[in-house]
Amino acid sequence: MDLVQALLGLAVFYFLVFAGGSLVENETLLLLALAIGVYYWVSIQS
Numbered sequence: 001m002d003l004v005q006a007l008l009g010l011a012v013f014y015f016l017v018f019a020g021g022s023l024v025e026n027e028t029l030l031l032l033a034l035a036i037g038v039y040y041w042v043s044i045q046s
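Under our numbering, read the sequence shown as residues 1 to 46, first letter to last.
Bear in mind the hints are in silico, worked out from the structure with no lab data behind them.
Glycine included, every Cβ here is placed at the ideal spot set by N, Cα and C.
Be aware that a few hints might be false.
Simulated restraints on C-beta separations [to be verified]:
1) Ala6 / Leu32: 15 to 21 angstroms
2) Val38 / Val4: 15 to 21 angstroms
3) Val12 / Ser46: 27 to 33 angstroms
4) Glu27 / Asp2: 29 to 35 angstroms
5) Tyr14 / Gln45: 28 to 34 angstroms
6) Glu27 / Val4: 28 to 34 angstroms
7) Val42 / Phe15: 15 to 21 angstroms
Please model the complete structure; the sequences and the hints are all you need to start from.
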C-alpha cells in the first residue's frame, strides 16, 4: 500500500506542478503542490 500511496502522491504532485506551471501567476498552486509532495514524502518515510 505504501508504494501505491507513493505513486498516487507523485501523480497528484506532478499534476499540480504541471497545472501550476501553466499558470505562472498562481504561486499558491505551486506552494500547494510542494506541500502535498512533502506530506506524501513524510508519510512514506514514517
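Here is how each hint holds up against the structure:
no., hint, in the structure
1, Ala6 / Leu32: 15 to 21 angstroms, "holds (19 angstroms)"
2, Val38 / Val4: 15 to 21 angstroms, "holds (19 angstroms)"
3, Val12 / Ser46: 27 to 33 angstroms, "violated (19 angstroms)"
4, Glu27 / Asp2: 29 to 35 angstroms, "holds (31 angstroms)"
5, Tyr14 / Gln45: 28 to 34 angstroms, "violated (19 angstroms)"
6, Glu27 / Val4: 28 to 34 angstroms, "holds (30 angstroms)"
7, Val42 / Phe15: 15 to 21 angstroms, "holds (20 angstroms)"
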